[in-house]
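So the protein lines, in turn, are chains G and U. Residues 1 to 482 (the working numbering) make up the first sequence, in order. Residues 1 to 451 (the working numbering) make up the second sequence, in order.
Simulated from the structure, these hints should not be mistaken for laboratory data. Every residue, glycine too, gets a C-beta built ideally from N, C-alpha and C. Just so you know, not all the hints are guaranteed correct.
As the list claims (entries may be wrong) - When the alpha-carbon atoms are kept at most 25 Å apart in a straight line, the in silico PhoX-like pairs for lysine-lysine are as follows: (1) G:Lys455 with U:Lys365; (2) U:Lys365 with G:Lys381; (3) G:Lys148 with G:Lys167.
Stated by the list, open to error - Short, incomplete list of chain U residues facing chain G, as computed with Cβ under 10 Å: (4) Ala22; (5) Ala23; (6) Arg24; (7) Val26; (8) Ala32; (9) Arg33; (10) Leu34; (11) Asn287; (12) Phe321; (13) Leu343; (14) Asn348.
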Amino acid sequence: MATEQDKLLEEVTNREYQYGFHTDIEMDMLPKGLNEGVIREISQRKNEPDFMLEFRLSAYRNWLKMESPDWAHLKIPEIDFQEIIYYAAPKKKPQLNSLDEVDPELRATFEKLGIPLDEQKVLAGVAVDAIIDSVSVKTTFRETLAEKGIIFCSMSEAVLEYPDLVKKYLGSVVPPGDNFFAALNSAVFSDGSFVFIPKGVRCPMELSSYFRINAMNTGQFERTLIVAEDDSYVSYLEGCTAPMRDENQLHAAVVEIVTLDRAEVKYSTVQNWYPGDKNGKGGIFNFVTKRGICKGDYSKISWTQVETGSAITWKYPSCILMGDHTVGEFYSVALTNNYQQADTGTKMIHLGKNTRSLIVSKGISAGKSQNSYRGLVKVSKKADNARNFSQCDSLLLGDKCGAHTFPYLEINNSTAKVEHEATTSKIGEDQIFYCNQRGIDTESAVALIVNGYVKEVINQLPMEFAVEAQKLLQISLEGSVG
Amino acid sequence: MIALFDENRHLIEQGASPVVNAAREVATEAFARLGIPSSKVEAYKYTNLQAWFKATYRFTPTESGFSGNIDEVFTCDVDALESYTVFAVNGRYYEGSSYTRLPEGVVIGSFAELSVKHPELMHKFYGKLAPADADGVVALNTLLACDGIFVYVPKNMVVEKPIQVVNILTGDTDRMVNQRNFIVIEENAQARVLFCDHTLSNSRFLVNSVTEGFVDASGNLDFYNIQNQHNGVVQVGGYYFNQETKSVLSANYFTLNTGVTRNNIFARLGGVHAENHISGLYLTDKNMHVDNFSFIDHAMPDCESNELFKGVMDDGSTGAFTGRIMVRPDAQRTNAYQSNNNLLLTDNARMNTRPQLEIYADDVKCSHGATVGQLDEKALFYLRARGIGKEEATILLMYAFAYEVIEKIQLPGLKEQIRLLVEKRFRGELDKCDSCIVCGQLNDKILNASV
Numbered sequence: 001m002a003t004e005q006d007k008l009l010e011e012v013t014n015r016e017y018q019y020g021f022h023t024d025i026e027m028d029m030l031p032k033g034l035n036e037g038v039i040r041e042i043s044q045r046k047n048e049p050d051f052m053l054e055f056r057l058s059a060y061r062n063w064l065k066m067e068s069p070d071w072a073h074l075k076i077p078e079i080d081f082q083e084i085i086y087y088a089a090p091k092k093k094p095q096l097n098s099l100d101e102v103d104p105e106l107r108a109t110f111e112k113l114g115i116p117l118d119e120q121k122v123l124a125g126v127a128v129d130a131i132i133d134s135v136s137v138k139t140t141f142r143e144t145l146a147e148k149g150i151i152f153c154s155m156s157e158a159v160l161e162y163p164d165l166v167k168k169y170l171g172s173v174v175p176p177g178d179n180f181f182a183a184l185n186s187a188v189f190s191d192g193s194f195v196f197i198p199k200g201v202r203c204p205m206e207l208s209s210y211f212r213i214n215a216m217n218t219g220q221f222e223r224t225l226i227v228a229e230d231d232s233y234v235s236y237l238e239g240c241t242a243p244m245r246d247e248n249q250l251h252a253a254v255v256e257i258v259t260l261d262r263a264e265v266k267y268s269t270v271q272n273w274y275p276g277d278k279n280g281k282g283g284i285f286n287f288v289t290k291r292g293i294c295k296g297d298y299s300k301i302s303w304t305q306v307e308t309g310s311a312i313t314w315k316y317p318s319c320i321l322m323g324d325h326t327v328g329e330f331y332s333v334a335l336t337n338n339y340q341q342a343d344t345g346t347k348m349i350h351l352g353k354n355t356r357s358l359i360v361s362k363g364i365s366a367g368k369s370q371n372s373y374r375g376l377v378k379v380s381k382k383a384d385n386a387r388n389f390s391q392c393d394s395l396l397l398g399d400k401c402g403a404h405t406f407p408y409l410e411i412n413n414s415t416a417k418v419e420h421e422a423t424t425s426k427i428g429e430d431q432i433f434y435c436n437q438r439g440i441d442t443e444s445a446v447a448l449i450v451n452g453y454v455k456e457v458i459n460q461l462p463m464e465f466a467v468e469a470q471k472l473l474q475i476s477l478e479g480s481v482g
Numbered sequence: 001m002i003a004l005f006d007e008n009r010h011l012i013e014q015g016a017s018p019v020v021n022a023a024r025e026v027a028t029e030a031f032a033r034l035g036i037p038s039s040k041v042e043a044y045k046y047t048n049l050q051a052w053f054k055a056t057y058r059f060t061p062t063e064s065g066f067s068g069n070i071d072e073v074f075t076c077d078v079d080a081l082e083s084y085t086v087f088a089v090n091g092r093y094y095e096g097s098s099y100t101r102l103p104e105g106v107v108i109g110s111f112a113e114l115s116v117k118h119p120e121l122m123h124k125f126y127g128k129l130a131p132a133d134a135d136g137v138v139a140l141n142t143l144l145a146c147d148g149i150f151v152y153v154p155k156n157m158v159v160e161k162p163i164q165v166v167n168i169l170t171g172d173t174d175r176m177v178n179q180r181n182f183i184v185i186e187e188n189a190q191a192r193v194l195f196c197d198h199t200l201s202n203s204r205f206l207v208n209s210v211t212e213g214f215v216d217a218s219g220n221l222d223f224y225n226i227q228n229q230h231n232g233v234v235q236v237g238g239y240y241f242n243q244e245t246k247s248v249l250s251a252n253y254f255t256l257n258t259g260v261t262r263n264n265i266f267a268r269l270g271g272v273h274a275e276n277h278i279s280g281l282y283l284t285d286k287n288m289h290v291d292n293f294s295f296i297d298h299a300m301p302d303c304e305s306n307e308l309f310k311g312v313m314d315d316g317s318t319g320a321f322t323g324r325i326m327v328r329p330d331a332q333r334t335n336a337y338q339s340n341n342n343l344l345l346t347d348n349a350r351m352n353t354r355p356q357l358e359i360y361a362d363d364v365k366c367s368h369g370a371t372v373g374q375l376d377e378k379a380l381f382y383l384r385a386r387g388i389g390k391e392e393a394t395i396l397l398m399y400a401f402a403y404e405v406i407e408k409i410q411l412p413g414l415k416e417q418i419r420l421l422v423e424k425r426f427r428g429e430l431d432k433c434d435s436c437i438v439c440g441q442l443n444d445k446i447l448n449a450s451v
């Protein structure tokens with residue numbers, strides 16, 4: 001049986017990325033490299049108001065003084081930031097009144113990705129802000145949303161059309177000098193999504209945005225900002241698949257979420273960037289800063305992520321629980337295979353009274369990959385009655401991979417109740433044997449067990465996304481996951 | 001610090017073994033590079049040693065600064081224990097240590113003396129476990145240490161009575177102490193070693209001690225450290241163990257009173273089927289700071305480790321815990337468990353805990369758990385509803401919380417004594433070390449006053 005399992009694991013290890021394809025669209029690019037001139041040029045091309053240029057320049061100056069972080073359990077090859085193209089946009093910006101006008105090749109790309117970017121979407125109830133490289137090319141359902149007063153548009157548009165809102169909230173959660181990659185993003189971000197849910201509005205559909213890295217050597221620097229006013233609710237979906245590529249590509253996104261009194265934001269991610277081939281060549285570097293602040297009382301931010309892609313993942317979606325009675329949640333499945341490395345987790349900063357947080361992290365390591373959970377739970381002195389529960393499990397598939405857990409618990413208040421639990425193990429031969437006995441072959445048994453293992457997190461995803469997440473786990477671990 | 005070494009070099013090196021002096025050369029370079037760790041060093045994130053090493057202390061490498069009869073000023077905490085007792089005063093072996101005849105082949109004595117008499121032992125053991133080139137504190141100890149206690153148990157020897165090492169800090173001046181200890185348990189041998197740390201005077205002390213423990217195949221070491229010092233003590237204790245095939249190590253740390261304590265506990269499971277049990281109990285109040293840093297290194301397959309640390313933080317005290325379990329590639333069929341539970345009694349008390357797993361093998365069962373919280377309101381209510389006063393109920397529950405660690409003590413006399421000390425400590429009756437003359441008198445005063 002052991003050999004059968006080995007065979008399965010080998011199949012899994014040899015599995016190649018299925019979504020590797022490349023779309024040829026004429027690109028409008030800036031030359032490689034980064035300096036103040038490039039930043040001014042980006043800002044100018046996007047017709048940005050002065051405050052944006054200032055924002056970018058101050059971030060850039062901060063960035064110059066910073067060093068790439070080396071504390072994560074990752075081996076990051078040296079990145080030459082002067083070899084990256086910081087701005088690329090499809091040259092002919094199509095008119096977007098009907099789908100027929102969209103570049104057919106672009107549409108074909110979406111078809112391959114399985115994004116139903118057409119009228120069927122209405123039935124599916126999902127609005128899509130599709131991004132190819134940096135500029136948003138298609139936004140659907142704007143009108144439906146506009147009726148409710150919801151703003152859902154690309155960041156570039158938001159900067160031009162809602163400068164007051166952008167000025168007020170951009171950088172309020174992740175300041176321009178926050179960390180090395182966030183500062184870089186603040187300086188050069190090309191586009192992203194902007195969501196604004198006004199008071200008392202419950203967003204009637206899941207908002208979703210697909211990101212793709214497309215052109216050669218184009219760093220992607222999305223910036224997403226979600227603001228939920230009092231008593232509002234929104235569920236936002238982010239998902240990615242990237243074409244096959246030999247050179248490493250950098251992806252340094254920033255996501256900011258602000259919730260005011262009694263507002264709730266649910267942010268779900270399925271990440272499937274190109275992980276590199278089975279020899280560890282190529283793949284995306286995914287260095288993301290995601291942070292939300294529960295500013296108002298009784299507000300809630302929930303992060304759910306399924307991370308299956310990227311050569312290197314460095315990502316810590318965090319919640320600052322500032323208001324009283326606020327809630328932060330973090331659900332994560334991180335799967336690494338071959339030579340992938342992931343160092344991911346969360347930070348829960350309890351500042352307000354009666355705040356609660358929940359962390360459920362499930363790591364799966366296979367091949368020769370390294371998978372780490374790194375998290376911080378901090379209860380400040382004034383955060384009375386804070387409550388936290390963390391569960392961090394790791395599953396090892398193969399004897400050459402690593403699974404690590406690095407939680408930090410910093411408690412400064414005696415009324416806090418903080419619990420952390422972690423376990424690491426492989427799928428027991430007895431478990432497989434039990435299934436075999438009942439006529440379930442080893443492959444299905446592994447699938448069954450992995451499915452059960454991640455269910456707690458997958459259940460948190462909206463229906464459509466849960467299906468896709470299952471699919472991605474299948475692709476990444478085919479032969480083991482059914 | 002290096003200047004201090006240069007100044008006192010002739011004093012430090014005189015009479016020491018060449019092996020030990022050669023190690024000082026390496027340590028000089030390492031210490032110049034590493035320095036005293038600040039909180040920027042990840043392992044010392046929660047204990048900024050630089051701040052504590054700033055004060056001025058007297059440094060007298062060759063003399064203990066104590067004369068007189070130790071038996072007159074000190075009576076043991078664990079008096080119910082029949083043991084081989086030796087004393088180290090301010091880091092130096094106390095010549096007047098008296099004990100009944102040791103079993104044949106067993107050596108308990110001065111490290112300085114032994115290092116000259118038996119250089120071959122030094123070659124084999126000195127600096128083999130404590131990393132002088134990676135930790136500034138170990139480098140400093142290697143640089144400055146002159147003496148300490150050497151415990152050697154030969155092959156197949158079972159030492160029935162426990163070996164008690166009483167580390168005493170005393171003297172009228174503030175003092176820096178560098179102590180180096182060795183515990184060697186040879187193949188199939190067994191011993192129980194108890195380190196008691198005490199202060200006898202009100203001076204401030206900075207203690208930097210390193211203990212290297214070797215447990216050979218099928219050996220069994222039962223190690224205890226009881227720290228009961230006054231609040232002017234800053235102690236960095238490094239305990240570095242290596243275990244061979246089928247050996248069993250149990251190490252238990254009780255920090256009842258101190259100023260600042262940092263324990264670096266490293267255990268390497270270097271042979272198959274080795275078993276490791278580490279536990280700790282830290283009770284802090286006032287401005288105490290206790291940081292237990294442990295690293296369990298599963299280097300070989302089929303080993304098992306169990307770790308339990310519990311703490312109660314009162315007043316404005318701070319506790320910290322770091323527990324890393326490392327499972328090296330191919331250390332298959334490892335079972336490693338770790339747990340850290342803490343009670344915070346006031347809003348000014350703080351606890352930082354980092355339970356960590358680093359695993360490179362797949363056929364393992366590893367888990368860790370960490371909690372920080374307070375006493376269960378329901379349990380308190382239950383007791384109070386049955387006529388037990390709030391204070392008494394609180395003590396009862398805290399004691400029950402701590403008992404899980406006390407329970408692990410395998411020496412009946414010691415268990416009872418620790419049980420009493422912990423209870424006294426919770427009642428606030430254990431301000432300093434309990435049974436030495438200085439504090440013994442203090443306690444009498446308190447008792448008299450309350451009567």
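Verification of the hints:
1. G:Lys455 with U:Lys365: holds (21 Å)
2. U:Lys365 with G:Lys381: Violated: Lys365 of chain U and Lys381 of chain G sit about 36 Å apart, past 25 Å.
3. G:Lys148 with G:Lys167: Within the cut-off at roughly 23 Å; holds.
4. Ala22: Hint violated; Ala22 of chain U Cβ to chain G Cβ min 34 Å, cut 10 Å.
5. Ala23: For Ala23 of chain U, the interface hint is violated, since the closest Cβ of chain G sits about 31 Å away, which is over 10 Å.
6. Arg24: violated (32 Å)
7. Val26: Given a least distance of 27 Å, the restraint on Val26 of chain U is violated.
8. Ala32: violated (23 Å)
9. Arg33: The hint is violated - Arg33 of chain U has no Cβ within 10 Å of chain G, the shortest such distance being about 18 Å.
10. Leu34: violated (18 Å)
11. Asn287: violated (15 Å)
12. Phe321: holds (9 Å)
13. Leu343: Constraint on Leu343 of chain U satisfied, holds at 8 Å.
14. Asn348: holds (8 Å)
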